[in-house]
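> If you want the building blocks of each chain, they are given just below.
2 protein chains.
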Amino acid sequence: MLNRFARVLPIVHWLKDYNGGTFVSDSLAAVIVTLMLVPQALAYALLAGLPAEVGLYASMIPLVVYALFGTSATLAVGPVAVASLMTASALGGIAQAGSPEYVGAALVLAALSGLILFAMGVLRLGFLANFLSHPVISGFVTASGILIAGSQIGHILGIQGGGHNLLEMGRGLWQQIAAINPVTLVIGGGVLVYLYLCRRFLKPALVAIGLSERLADLSSKAAPVSAVIVTTAAAWFWDLGEAGVKLVGEVPSGLPSISLPPLDPAIWSTLLPAAVLISLVGFVESVSVAQTLAAKRRQRIDPNAELIALGLANVGAGVGGGSPVSGGFSRSVVNFEAGAQTPVAGALTALGIAIATLTMTGLLAYLPKATLAATIIIAISTLIDFSAIRRTLSYSKADGAAMLATIVLTLVHGVELGILVGVGISLGLYLYRTSRPHSAVVGLIPGTEHFRNVSRHDVRTDDATIILRVDESLYFANARYLEDTVLELVSARPRLKNLVLACQAVNDIDASALESLEAIDKRLAEADITLHLAEVKGPVMDRLRRTEFCRELRGSIFLSTYEAWRTLVNATPAKAKEKPVTQGG
Amino acid sequence: MLNRFARVLPIVHWLKDYNGGTFVSDSLAAVIVTLMLVPQALAYALLAGLPAEVGLYASMIPLVVYALFGTSATLAVGPVAVASLMTASALGGIAQAGSPEYVGAALVLAALSGLILFAMGVLRLGFLANFLSHPVISGFVTASGILIAGSQIGHILGIQGGGHNLLEMGRGLWQQIAAINPVTLVIGGGVLVYLYLCRRFLKPALVAIGLSERLADLSSKAAPVSAVIVTTAAAWFWDLGEAGVKLVGEVPSGLPSISLPPLDPAIWSTLLPAAVLISLVGFVESVSVAQTLAAKRRQRIDPNAELIALGLANVGAGVGGGSPVSGGFSRSVVNFEAGAQTPVAGALTALGIAIATLTMTGLLAYLPKATLAATIIIAISTLIDFSAIRRTLSYSKADGAAMLATIVLTLVHGVELGILVGVGISLGLYLYRTSRPHSAVVGLIPGTEHFRNVSRHDVRTDDATIILRVDESLYFANARYLEDTVLELVSARPRLKNLVLACQAVNDIDASALESLEAIDKRLAEADITLHLAEVKGPVMDRLRRTEFCRELRGSIFLSTYEAWRTLVNATPAKAKEKPVTQGG
Numbered sequence: 001m002l003n004r005f006a007r008v009l010p011i012v013h014w015l016k017d018y019n020g021g022t023f024v025s026d027s028l029a030a031v032i033v034t035l036m037l038v039p040q041a042l043a044y045a046l047l048a049g050l051p052a053e054v055g056l057y058a059s060m061i062p063l064v065v066y067a068l069f070g071t072s073a074t075l076a077v078g079p080v081a082v083a084s085l086m087t088a089s090a091l092g093g094i095a096q097a098g099s100p101e102y103v104g105a106a107l108v109l110a111a112l113s114g115l116i117l118f119a120m121g122v123l124r125l126g127f128l129a130n131f132l133s134h135p136v137i138s139g140f141v142t143a144s145g146i147l148i149a150g151s152q153i154g155h156i157l158g159i160q161g162g163g164h165n166l167l168e169m170g171r172g173l174w175q176q177i178a179a180i181n182p183v184t185l186v187i188g189g190g191v192l193v194y195l196y197l198c199r200r201f202l203k204p205a206l207v208a209i210g211l212s213e214r215l216a217d218l219s220s221k222a223a224p225v226s227a228v229i230v231t232t233a234a235a236w237f238w239d240l241g242e243a244g245v246k247l248v249g250e251v252p253s254g255l256p257s258i259s260l261p262p263l264d265p266a267i268w269s270t271l272l273p274a275a276v277l278i279s280l281v282g283f284v285e286s287v288s289v290a291q292t293l294a295a296k297r298r299q300r301i302d303p304n305a306e307l308i309a310l311g312l313a314n315v316g317a318g319v320g321g322g323s324p325v326s327g328g329f330s331r332s333v334v335n336f337e338a339g340a341q342t343p344v345a346g347a348l349t350a351l352g353i354a355i356a357t358l359t360m361t362g363l364l365a366y367l368p369k370a371t372l373a374a375t376i377i378i379a380i381s382t383l384i385d386f387s388a389i390r391r392t393l394s395y396s397k398a399d400g401a402a403m404l405a406t407i408v409l410t411l412v413h414g415v416e417l418g419i420l421v422g423v424g425i426s427l428g429l430y431l432y433r434t435s436r437p438h439s440a441v442v443g444l445i446p447g448t449e450h451f452r453n454v455s456r457h458d459v460r461t462d463d464a465t466i467i468l469r470v471d472e473s474l475y476f477a478n479a480r481y482l483e484d485t486v487l488e489l490v491s492a493r494p495r496l497k498n499l500v501l502a503c504q505a506v507n508d509i510d511a512s513a514l515e516s517l518e519a520i521d522k523r524l525a526e527a528d529i530t531l532h533l534a535e536v537k538g539p540v541m542d543r544l545r546r547t548e549f550c551r552e553l554r555g556s557i558f559l560s561t562y563e564a565w566r567t568l569v570n571a572t573p574a575k576a577k578e579k580p581v582t583q584g585g
Numbered sequence: 001m002l003n004r005f006a007r008v009l010p011i012v013h014w015l016k017d018y019n020g021g022t023f024v025s026d027s028l029a030a031v032i033v034t035l036m037l038v039p040q041a042l043a044y045a046l047l048a049g050l051p052a053e054v055g056l057y058a059s060m061i062p063l064v065v066y067a068l069f070g071t072s073a074t075l076a077v078g079p080v081a082v083a084s085l086m087t088a089s090a091l092g093g094i095a096q097a098g099s100p101e102y103v104g105a106a107l108v109l110a111a112l113s114g115l116i117l118f119a120m121g122v123l124r125l126g127f128l129a130n131f132l133s134h135p136v137i138s139g140f141v142t143a144s145g146i147l148i149a150g151s152q153i154g155h156i157l158g159i160q161g162g163g164h165n166l167l168e169m170g171r172g173l174w175q176q177i178a179a180i181n182p183v184t185l186v187i188g189g190g191v192l193v194y195l196y197l198c199r200r201f202l203k204p205a206l207v208a209i210g211l212s213e214r215l216a217d218l219s220s221k222a223a224p225v226s227a228v229i230v231t232t233a234a235a236w237f238w239d240l241g242e243a244g245v246k247l248v249g250e251v252p253s254g255l256p257s258i259s260l261p262p263l264d265p266a267i268w269s270t271l272l273p274a275a276v277l278i279s280l281v282g283f284v285e286s287v288s289v290a291q292t293l294a295a296k297r298r299q300r301i302d303p304n305a306e307l308i309a310l311g312l313a314n315v316g317a318g319v320g321g322g323s324p325v326s327g328g329f330s331r332s333v334v335n336f337e338a339g340a341q342t343p344v345a346g347a348l349t350a351l352g353i354a355i356a357t358l359t360m361t362g363l364l365a366y367l368p369k370a371t372l373a374a375t376i377i378i379a380i381s382t383l384i385d386f387s388a389i390r391r392t393l394s395y396s397k398a399d400g401a402a403m404l405a406t407i408v409l410t411l412v413h414g415v416e417l418g419i420l421v422g423v424g425i426s427l428g429l430y431l432y433r434t435s436r437p438h439s440a441v442v443g444l445i446p447g448t449e450h451f452r453n454v455s456r457h458d459v460r461t462d463d464a465t466i467i468l469r470v471d472e473s474l475y476f477a478n479a480r481y482l483e484d485t486v487l488e489l490v491s492a493r494p495r496l497k498n499l500v501l502a503c504q505a506v507n508d509i510d511a512s513a514l515e516s517l518e519a520i521d522k523r524l525a526e527a528d529i530t531l532h533l534a535e536v537k538g539p540v541m542d543r544l545r546r547t548e549f550c551r552e553l554r555g556s557i558f559l560s561t562y563e564a565w566r567t568l569v570n571a572t573p574a575k576a577k578e579k580p581v582t583q584g585g
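Each protein sequence line maps, in turn, to chains A and B. Take the first sequence: its letter number 296 is residue 296 in the UniProt record's numbering, and every next letter is one higher. Take the second sequence: its letter number 573 is residue 573 in the UniProt record's numbering, and every next letter is one higher.
Treat the hints loosely; a few may be bogus.
Given that identical chains are not distinguished, each listed pair holds provided it fits within a single copy or across any two copies.
Derived pair list, reagent style EDC-like, types lysine to aspartate or glutamate, alpha-carbon separation capped at 16 Å [claimed, not checked]:
(1) 203 with 337
(2) 497 with 526
(3) 246 with 337
(4) 497 with 528
(5) 296 with 458
(6) 16 with 239
(7) 203 with 563
(8) 522 with 548
(9) 296 with 526
Simulated from the structure, these hints should not be mistaken for lab results. Here the structure is a predicted model, which is why all the values come from computation and not from measurement.
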């Protein structure tokens, strides 16, 4: 009973060992993550086209919910860059950015993706996320990073940006190039340069003056806080809003109220596809961060429990006034390095955000949007990884093609189409490859019991017996191809008496392939050739044994290829002969 | 040059050997097929909701075009039952059955599916048809047969039928049950019983009175002709049209005029999905009939050339006033058994239909629709194969599930959704299986160089070295699963020093899986375990050799699992030990 309970509420596991020391560690981590999260929450709300407070609300209830249900001790949940970009893209066609309808749709999007994640967790469908291949995810994140940077250029220049792909963004910027606000540009450009320099040089400098590696790293990651404080003070002191600098403006003080998101079925069904994509991408990113961090401490996370936890966290966002959330990479790393021991750190971070929302919104009103834009650009610059393209292409053209297509389509058409086509290409290429399975005629390596490809190795073969190794599971998409391959082989060998299919690489034979095997057996029989099988695996044999094919097969099913060779070739030794020695390929 | 020409026009191959004997054989076959095709062409036009002449037109130009480009000597092209049902379903939402717009849309559908098939042939995409698995096709054909029978019941009863699934059909029949026309029912029911009796008893009876097996078979298949003649004569003699019996009515005499189908882009784009489905289903059926018949005479057909031939035949239907065509099963068998030697038989059949259209339309006006409905029901009764469901389910639950879903959805929702969901389920289940690959810890069979599953065989194992055989290609969908499997194995074995991945069943390692292997190597290294590979296949090794993973792997890559065992286990003989003999599974 306790075990079942613990599976649903992982808190049961760690709470019994909780003590003062753990609490101090968690509290320290929470303070540092809070400092990092306040500007990020505002910035990602800006990126998603939402009022600033939505980002803060997304950093409260979801964090508490995740602390209760999550299996990772260190995953820092909240608004993240890629999900915010996808939110902006999903809501763009529904309402005017920033309007009450737009905010309502954002809550629907959070609740909907929460319900999707929760359902996937309950149905144990976590494996679906595996269909987002590494190259597609990596290409998608790189392209998203570029789009995010592009979407923030307008804020740095003090003009109206907008657009959901590079073309729209470029057009938008070009049309307003005359309206650039120089004061905004000074602030945005200044913060950009400052944050870049901090990232490059602050940590080594701090290490040089004697700080520990970890402390130096954490301090340099708090640089955006100083930029926020300085530019906010400057905007207040010189009243820069009057000079045309766009500020965050009035943020309602106080905690979010709990209420259902709008229940208009039309909005829910319109947002469904986008919610599915946001759920999957958010889940894949969260799980990979959580697994990386867990492995470092030899802990494990449970992907299906994570689905439930992230799902509930997003439902929490939807009823608690927030936009979609997932596990953020940089914040999770900071949380880990700052010493977070349990999910309590996440709950305490939510407390920190709540205190900030109650006390600092008056000050945040003067924060220039250009500062937030610069924060975003520096934060996502680590997402962009061009070297992965070269690396992937050099290993596999198919993977490289899927990656390039994802990047190009995301950039020129937007996030949804980019990732969908990427997944489609990955799947399509995989299916195409398995639909034309590699197979090889093999021969015996003299002096061993091993068989290798006749065209790559110097091996013994026999005129009356041919051994065909099939290098793929047999299923509907390649069943006919096997028929063709066998018939072609046979038609070229008039003296053939036995054909052995070596099945060590055949992990499954489905009903279509079974029919093809029956057809092969029948056609070979008409040509007076006997079909044999060898090295059929246990699970495959279990099923074959029940079939008519197996009962009517005139040939044998050999345990090993060598046994087939000994029986079929050594039984007719007159015909066996050494293949002339040639240069093996 | 001639060779290239011959690839496009197979006629070059056989025309040089053509002689009087071949012509006599072809002519005889053409006469028999024409007798069979006239009522079928009218019946399938009725089934598709089209005027009778559209069926006749679909039996002229397309047959000539196929004779020029087809690679099968015996495939009888023309209107077929399943494609006609799919045509009715596709056009149902576009216009009133029988209206000029409806006929125009049918021509568009033919031309469109012709262009799709042609493009697939040119791009060598014939492999796409393989994704319609045997169980899905078989289930779809069975369900279509039931729907076709259901759609004809109204004609037998003399009432208005209609509907594209069983529910709609049932409702339509129920609402009009009071309007049953008794004379029609007598004709329809009489023909149904007559044709059934002919099918059951005529052939044995003819054999009994001394006819040859083949002649008896062909004669019994001409039974519908006698039913057509008798009921047409009866309708004319007693003027049954006045008694409420629905007749075929005025069929325009003369040949079809060549003209472009309507070029309204809205209709073309609306019909595109249906055209894709009709193309694929028609192609799969045609190719499987053609291959079966070709194999009997040790001939071969070229699937990509067939795509081009069927594509052009359908374009011919579209510009020649006909509905979509494909290779019909029963007519092709008759053509084959009647002795057709070359595609000339098909061209002569077209000539026969042309003669019938020019001379007999006045008579056909009196043909009762109930006769045609009875012909259809008997013809499609061979399509319905319930035993396949049981057979498939007993072999594979996954295939059985795809088949059942296809049948149920086709029956209750219609043809398009049925086949789409069937294909989706087949693919989904295949991907699900490969995303959780089978793997087995293997041990050495004493006295051999062979390794088998430790849980199924009595084999030697070693505490410090574990050999994991991976039974699937490694790709994005199962990469993470492999990581989990390896880490779980390792965590249960504290004395482990070496982990060997036996890769004889790994036919591919994609970029995602490569990253997982890197992650596995890194994590094993942290636990002081060395990762080795064995039996990596040639093509896989070629690619791995270029990677950083291969350069940084601390373990070895062994040619065979036995070599790995000899090196790793026999080098530390103190630890090697015989596994206690247990009952193998």
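> Against each hint, give a clear statement of whether it holds in the structure.
For each hint, the structure was consulted:
Taking the closest pair of Cα atoms, residue 203 and residue 337 come within 16 Å of each other only inside a single copy of the chain (14 Å); across copies the shortest separation is 86 Å, beyond that limit. With identical chains, the CA atoms of residue 497 and residue 526 are at most 16 Å apart within one copy only, with a shortest distance of 12 Å there and 54 Å across copies. Taking identical chains as interchangeable, the C-alpha atoms of residue 246 and residue 337 are never at most 16 Å apart, the minima being 35 Å within one chain and 85 Å between chains. Taking identical chains as interchangeable, the C-alpha atoms of residue 497 and residue 528 lie at most 16 Å apart only when both belong to the same chain, with a minimum of 7 Å there against 52 Å between chains.
In the homo-oligomer, the alpha carbons of residue 296 and residue 458 never lie at most 16 Å apart, since the shortest distance is 47 Å inside one protomer and 38 Å across protomers. When the C-alpha separation of residue 16 and residue 239 is checked against a cutoff of 16 Å, the pair qualifies neither within a copy, at 53 Å, nor between copies, at 94 Å. Taking the shortest alpha-carbon separations for residue 203 and residue 563, neither the intra-copy value of 66 Å nor the inter-copy value of 50 Å comes in at or below 16 Å. When the C-alpha separation of residue 522 and residue 548 is checked against a cutoff of 16 Å, the pair qualifies only within one copy, where the shortest distance is 13 Å, while the shortest distance between copies is 48 Å.
When the C-alpha separation of residue 296 and residue 526 is checked against a cutoff of 16 Å, the pair qualifies only between copies, where the shortest distance is 9 Å, while the shortest distance within a copy is 62 Å.
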